[in-house]
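**Student:** Here is what each chain is made of, one letter per residue.
There are 2 protein chains.
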Amino acid sequence: MSLLLALSLICGSMLHVSFSALNNHYCVPRKTVLYQNELKSFREEGIFNYSTMLMRDDLGVLLLGAREAIYALDINNISVRKAVVYWRVTEEKQTECTYKGKHAEVECRNYIRTLHKMNDTTVYVCGTNAFSPTCDYMTFVNGQLRLEGKQEEGKGKCPFDPFQRYSSLMVGNDLYSATSINFLGSEPVVLRSSDLALRTEFKSSWLSEPNFVYMDFVRESLDSPDGDDDKVYLFFSENAMEYDFYSKVAVPRVARVCKGDMGGQRTLQRKWTSFLKARLDCSLPEPSLPPIVQDVFLLKHKDWRKSVFYAVFTPQSSLSQASAVCAYSVSAIQDIFNEGKFKTPVAVETSHVKWVMYTGEVPVPRPGACINNVARKMGMNRSLDLPDKTLQFIRDRPLMDEAVRPLTGGPLLVKRGALLTRIVVDSVLALDGQRHAVMFIGTENGYIQKAVNYHGEMFIIEEIQLYENPVPISTLRISSNKSQLYAGSEYGVVQMPLSNCSRYDTCVDCILARDPYCAWDVTIEQCTSVYSSSSSSKAAIQSLKEGDISQCPQPDPVAAVDFTLVPGNNIQLPCQLHSNLAQVLWRFSDQTLHSNNKYYIYSGGLLILSASESDAGVYTCRLSRADQQQNIQPDCGGLSFTAVCWPRSQGQHYS
Amino acid sequence: MSLLLALSLICGSMLHVSFSALNNHYCVPRKTVLYQNELKSFREEGIFNYSTMLMRDDLGVLLLGAREAIYALDINNISVRKAVVYWRVTEEKQTECTYKGKHAEVECRNYIRTLHKMNDTTVYVCGTNAFSPTCDYMTFVNGQLRLEGKQEEGKGKCPFDPFQRYSSLMVGNDLYSATSINFLGSEPVVLRSSDLALRTEFKSSWLSEPNFVYMDFVRESLDSPDGDDDKVYLFFSENAMEYDFYSKVAVPRVARVCKGDMGGQRTLQRKWTSFLKARLDCSLPEPSLPPIVQDVFLLKHKDWRKSVFYAVFTPQSSLSQASAVCAYSVSAIQDIFNEGKFKTPVAVETSHVKWVMYTGEVPVPRPGACINNVARKMGMNRSLDLPDKTLQFIRDRPLMDEAVRPLTGGPLLVKRGALLTRIVVDSVLALDGQRHAVMFIGTENGYIQKAVNYHGEMFIIEEIQLYENPVPISTLRISSNKSQLYAGSEYGVVQMPLSNCSRYDTCVDCILARDPYCAWDVTIEQCTSVYSSSSSSKAAIQSLKEGDISQCPQPDPVAAVDFTLVPGNNIQLPCQLHSNLAQVLWRFSDQTLHSNNKYYIYSGGLLILSASESDAGVYTCRLSRADQQQNIQPDCGGLSFTAVCWPRSQGQHYS
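Just so you know, the sequences run in chain order G and L.
For the first sequence, position 523 (counting from the first letter as 1) is numbered 522 according to numbering that gives the first Met the number 0, and the numbering increases by one without interruption.
For the second sequence, position 8 (counting from the first letter as 1) is numbered 7 according to numbering that gives the first Met the number 0, and the numbering increases by one without interruption.
Simulated from the structure, these hints should not be mistaken for laboratory data.
Hints are supplied without guarantee of correctness; some may be wrong.
Heads up, incomplete: computed chain L residues facing chain G, CB under 10 Å, no partners named [claimed, not checked]:
{"no.": "1", "residue": "245"}
{"no.": "2", "residue": "283"}
{"no.": "3", "residue": "317"}
{"no.": "4", "residue": "320"}
{"no.": "5", "residue": "567"}
{"no.": "6", "residue": "570"}
Partial list, computed: chain L residues near chain G (C-beta under 7 Å) [said to hold, decoys possible]:
{"no.": "7", "residue": "285"}
{"no.": "8", "residue": "287"}
{"no.": "9", "residue": "316"}
{"no.": "10", "residue": "347"}
{"no.": "11", "residue": "348"}
{"no.": "12", "residue": "351"}
{"no.": "13", "residue": "406"}
{"no.": "14", "residue": "568"}
{"no.": "15", "residue": "569"}
Using N, Cα and C, we set each Cβ at its ideal position, and we do this for glycine too.
If we strip away everything but chain G, and leave its shape as in the complex, we get (with noise of 0.2 Å):
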């Protein structure tokens, strides 16, 4: 028993594993960053369902809607609460909810699911107040918020389920807005409410089964030529009529309406002139039925036709686990909207209708089209002022023949395992002065993946895991100015930073990590953000789309470590991989070792299982690097008889 032997350890790297094959994994992160205690959260206790952001960078707070709560949180550190108001729903609302057979506890709660901007100090609010959905104005003063309790009608401006997607969008003083605008939630609506309130038809060509989730706004109407008008944006999915299937099936759509539009005089009156919808292509390299769009962020930039829309994409079947992200230009929308084909009914055998290409005379003015210089001319100043053939057309034939193809062809990101549910972007200056659009993808367990696509090369740089429990990621907001994320859960809020360049330890690592927020400084030898004022260009390395660790300096030989063995007993060699895409290889006496019922390799190290004598030797721990593709020398030197790594503490040469 107390025969001791030696054995020992040596690291080194290999680097033959290629490059393409990993891109076959759909994506595999670089780094996971494991939950850690520090990240600054929010939560109270009793309180649920923190869903609804409002940032308000001019006051320097983030405004969080949850059940029965708004909150003013400090935007630098969110876990400093401000200012607090409770909106709680009346016992005698509670008692009629579930007299209409919703559950009181759950249901029958009231849960903010609107805040928006009215002015500097006002905010618009709206709750589900127990499926008897209510708005109200709230002020933000001398650090205090209140409700003025006006109590308004919600209907149609916020649902009255808690837990059904909407979304709704303020623009000056008009409040856009898509749901449902009955108890039961089975009619939808795409409304305005303004002075003058216009809506979506109630026919199932306009919205079928709609799963409203997200709206945006486009200032089209800035340097346009035809004298076009302002859009907004609304993405959504719904039952397919253009598809004969043996089940339903879901699309994924855009569809838009003009800001000026005022409704028809006759045909159309106060509902939209100028709503059409289309479906959105992201096709998966395999054939699937359409994934459907969970979520969009609208990536501006000062010309607006440059603006793109980021949208994430789950199955519609749970056989499935692959979600994507795929990108939409504005101006592509608009191609579509704008001169593209209309899809028309076509009666088969009395029982059937089949939606194919409309080959017939369109009429002028275009339907759908804003007021523009065409329908001006004509003297129609209003969509008041249309006449009734081309409201009647687009009454009838509100999709669009052709599909929105994403910017890149096909998709930008392919991801199996935990769906992706919610995504934000940021537009980063690298050194070398290109822009590169970094994703923050939240996902159904808690995740941010946080990617890049580098010509068409999909990369997640790291995937970090913002709630120790594998909670759905339901909100994400970002503040570019304060290089912050927020994320929201049924649980709570919790805030990163875009970037934590400091955790790339050594130049390699750095380089190999891809992420354009962060240089490796050759000055100081540390990884620093390029916002940072200390890393000047010059001194500074980046390498985003190759990866070129060449120009890091040469690490030091790795020392080596002596264990001693105890035979029965079962040995615990260390060996730590920085990053997922790289491989170990474990070797013994000239033989590669695998994973039997003698050795375990897991991602820590080797355990010999029952060691016997015959196990005292040298081992080796080399790893492959993968996320490289330029050869470098195997860092340790001789196979010393003695050596051993200790990659976490020292290694400046792992990736």
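Assemble chain L onto chain G, guided by the hints.
**Tutor:** The following block gives chain L in isolation, referenced to the frame of chain G:
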């Protein structure tokens, strides 16, 4: 270093995992039997693609077609080769094939694809013969295989492409085949090679890029009150014509022709007048593209109406990994073809065609029907006598409106993970006098899944690894007489017994296995075959539907074992599971242990990493039996301070 402390280990069983939760896991096999070298197998060095089999119980051999070789193997032990004949491609043929752009060493070889019995001594053989399909006659006389060298044209009987799926069948001396008739593989045909050869029309409404998988014969003329004919059934997938979708969609089909069909006189001359097809429905619990049929097995009943086709389906997208088995009764298929409505094409807006239900008048005799008493009464005794109206109708409308529904309304089995490839089914008479259909399903990674469906409950008795490397199983044959299964692959053939009751070493294990082939013999205290003469039903226990182990004798309490703890070392405490459905729960000083950086729980036991003095004490390993619904008391008595479990050797009490 030499401080030794004691720790010990106790095992027990816990019983609170609900059964329903496991069904959601899409059928976890109860036992996993890993690859064992002692399985009987056959392969010859340098020969590949062991994919064609003909069982000759009468001759005691399994005829096996591979690339350029045909073997006669002992049906009792396939590792015994009784005879072999080689049929190599000529150099001239190979050169010619290479000129046409095919790969000399892969495609330009002779793959034996067809083996059919002609009479007691003669077998009809076809091979791809370097993309120039050729057939021949082979005799097995005096223990010798001999090819006659007739070199018949094999076009339409056997595919050109060795890797294209196809099916064929010998009925009497007529060869029915479903394959491509041209070099490019683009002209599909269902052919009868006989004195009066018949084939399908070359129209996409008959066959659209089909993938043929299976053919079988049903003697429906037997006791037919309508004077109906015998039928040949064909299973395949093809492009859907009835759906209108954003991409091509494949659908699974069953088609049939009548044995007595002679084609039409003017219309459909030398073409089938009885080719009818219908969609096969095998809907998964989730929305998806239609799953695609991969293999079929006809479980014959002496009343052909009760014969059942068992079909394996896999997703048409590799994004999904759920395979399924659906069963269809011959009578259900017959009902659709004999009485169902037809689909008819309707032109929509000139450029589109939509297939809808035909509601007009159907001519008499019914289009696609075999010559039966109705036709005979009208003076039509051969298909040649059928009127043009009937023939034109069926030429333009071969598709039935309704799909064939599975016998049980939905799949018998749904399984995630490695795709299912092939299926055979055995009908087993259990002790209770009932027959159970036991499915043996091959997978793409070299396993056999042995599964039953007990009154709607899916249950996989075991999965058996037949190939050490993950190779797809490409052929399965069963001999119920010999109780043996034969599985072919690219690299060889493996034989396995349909059951191995001795694998269940305790009464509880034998009962919980719910294997209809096995029962616990109380007299000899062994799990034995229900077919073995020794186990009379009185002395034998079986509980297939309930898995009720209350009749089993109480097991002995478990002895305990001491372990010695060396601080800083890793300790391995073994506790092996007998069933994948059981779960293990480790406890130490009133704490439940989980895998983390201190403990590693794996299938063989618990590892304590870098043990310290505080780790000394009593460890218990309890098993929760998820595969039984009835609770029993834990097997290990009190928590003895020095108890330990060695379930593999002692444990009569694990599941």
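**Student:** Holds or violated: is the Cβ of residue 347 of chain L closer than 7 Å to a Cβ in chain G?
**Tutor:** The hint holds - residue 347 of chain L has a Cβ within 7 Å of chain G, the shortest such distance being about 5 Å.
**Student:** Can we keep the residue 406 of chain L interface hint, with Cβ of chain G closer than 7 Å?
**Tutor:** Because about 19 Å separates residue 406 of chain L from the closest Cβ in chain G, which is outside the 7 Å limit, the hint is violated.
**Student:** Quick one, is the residue 285 of chain L hint okay against chain G at 7 Å, beta carbons?
**Tutor:** Where the cut-off is 7 Å and the nearest Cβ of chain G is about 4 Å from residue 285 of chain L, the hint holds.
**Student:** With a cut-off of 10 Å, does the beta carbon of residue 567 of chain L approach a beta carbon of chain G closely enough for the hint to hold?
**Tutor:** holds (8 Å)
**Student:** Given a cut of 10 Å on the nearest C-beta pair, is the interface hint for residue 283 of chain L held or broken against chain G?
**Tutor:** holds (6 Å)
**Student:** For the hint on residue 316 of chain L, just tell me whether its beta-carbon gets within less than 7 Å of chain G.
**Tutor:** holds (4 Å)
**Student:** At a threshold of 10 Å, is the proposed contact between residue 245 of chain L and chain G supported by beta-carbon distances?
**Tutor:** Holds: closest Cβ of chain G sits about 7 Å from residue 245 of chain L, inside 10 Å.
**Student:** Is the hint on residue 317 of chain L kept, meaning its closest Cβ partner in chain G is under 10 Å away?
**Tutor:** holds (5 Å)
**Student:** Is the shortest C-beta separation between residue 348 of chain L and chain G less than 7 Å?
**Tutor:** holds (5 Å)
**Student:** Can we keep the residue 320 of chain L interface hint, with Cβ of chain G closer than 10 Å?
**Tutor:** holds (8 Å)
**Student:** Taking the closest Cβ pair, is residue 351 of chain L under 7 Å from chain G?
**Tutor:** Given a least distance of 6 Å, the restraint on residue 351 of chain L holds.
**Student:** Return the status of the interface hint for residue 568 of chain L: holds when the least beta-carbon distance to chain G is below 7 Å, violated otherwise.
**Tutor:** holds (4 Å)
In this structure, the one hint that does not hold is number 13.
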